[in-house]
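Go ahead and model the full structure; you've got the sequences and the hints to work with.
These protein sequences, in sequence, are chains A and B. Numbering follows the numbering used here, with no gaps: position 154 of the first sequence is 154. In the numbering used here, each residue's number is its place in the second sequence (first place is 1) plus 177.
For the record, the hints were derived by calculation from the structure and aren't laboratory data. Keep in mind that the hints are not guaranteed to be accurate.
[Unchecked claim] Cut-off 30 Å, straight-line C-alpha distance, at most; resulting in silico cross-link-like pairs (DSSO-like, lysine-lysine): (1) A:Lys88 / A:Lys23; (2) A:Lys159 / B:Lys260; (3) A:Lys23 / B:Lys260.
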Amino acid sequence: MRYAMVIDTVRCVGCNACVVACKTENATPEGYTRDWLRIVVRGEFPELRRDIFSERCNHCANPPSVHNCPTGASQIIEGGLVVVDRSKCTGCKACIASCPYNARYVHPDGHVDKCTFCAHRVRRGLLPACVDACPARAMSFGDIHDDGSEVARLVRSRKIHVNNPASGCEPQVYYLM
Amino acid sequence: MEETLVQRSNQGIDPEFFVWGWDVAGYLFLGGLVAGLLILTGLWMRRAGARSAMPASIRWGTVAAPLMLGAGMLLLFLDLDLKVHVLRFYTAFHPTSPMSWGSWILVLVFPLMAVLALVLAPDRIRALLLGCRALGRLATLGERWWGRIATIAIVAGAGLGIYTGILLGASVARPLWSSAALGPLFLASGTSGAAALLALVERDGAVRSWLARADIWALAAEILLIGAFLVGHATSTRCHIEAIGMLLGGPFTGAFWGLVVVGGVGVPILLEWLELRGRVIATAAVPLLVLAGGIALRYVILAAGQASGVGGDAPLNTFF
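Next comes the structure, spelled out in structure tokens:
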């Protein structure tokens, strides 16, 4: 089993509902965020194109942040979710320096924090808060190894993009273009 | 035209990535110095063959080394954001993590430094240490294994010095650190710094000359390795070229070329060469320049490396 997120950049309207839902669900401290929007405008007027990417930890299948963690605090749990065990984290920041996506930060309590794909909700059979809150139904979540799942079907159906595939980290957040 | 707006403002990550500062640079510098001290001590042990023939500076160095490494580890401790969990480093060993290796290497190097201090420390300090019978037995063992201890000191010093570079090189997300030359470069810089530090306290002219020659060799190696580091990046992929651009015209150019290459390597190697030929009088200026260049090297590489990225959060660059 390998959990993955698929985000349709055509459907996404950049409303920030995913960001707000994450902050509410995970009580991230003021001034910090586990997910964010990247808005890219390209071209010359009037030939302009704007793309919106809802970004977060990519829960890489080959995560350098986990490999570089000296205490085992950064770890891969069931379904390939990459999480940080706060009880083991020393705040050494080796994982932050190793993450090509700059998806981690030091929580004011001292431990490293990041998106967990809402592992606590997924365990209960719920969707991650951001996916649940998306009013445009631009976000999907599920087992990408299950050919019958919605995420597997979406990845097969459209041209997809993952952030920095050359890193070799095998990111598990897919963007439908 | 391409305009990117990132709605993220995590402290330490945005707007500029900077999570490791002076404390980590200080540790890398002190770790390198201790590595150099171990190597020079081992080399002198093999050369001298007996305690009575060991220079005073090296003997003092064996006392200073554990204190300096302890200070370096204190700096690392101060860098931790969750200090109460520090013992977690020693409740696990993760072979894929260079920092885990480093934690254990640092602990394992201490017994070696203890033996070196027991065998070589200046007589007054040694007499104090040997007041304890167990330490006395350890000192006897150290003297019996003189040659082996010397070899172990050289190997451990090389390992410790290279490790400080590998620690950074393991972060694939920071292309400036992704260089096989970084470990040997930090080792050469550490050895050069150790020779400079010993030269500051050494009074014997012949030993000072030996230290100056050792420093020249280490600085020459540093020049070659800096060249390899620059060329390796400049002929690599786009993210590496952009990363090294920070030292070649970018924001770290002045600090790198002024403080590290010219002030910390070029001027000292020239002055030491002139010293050995009797053209200039040896002063504390050269060792101080070398030491300042050593810490500048660590800080510049640390800061510039953090400013470099693989474009992981620049999706369109790789797609369109």
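Can you name, in rising order, the numbers of the hints this structure does not satisfy?
2
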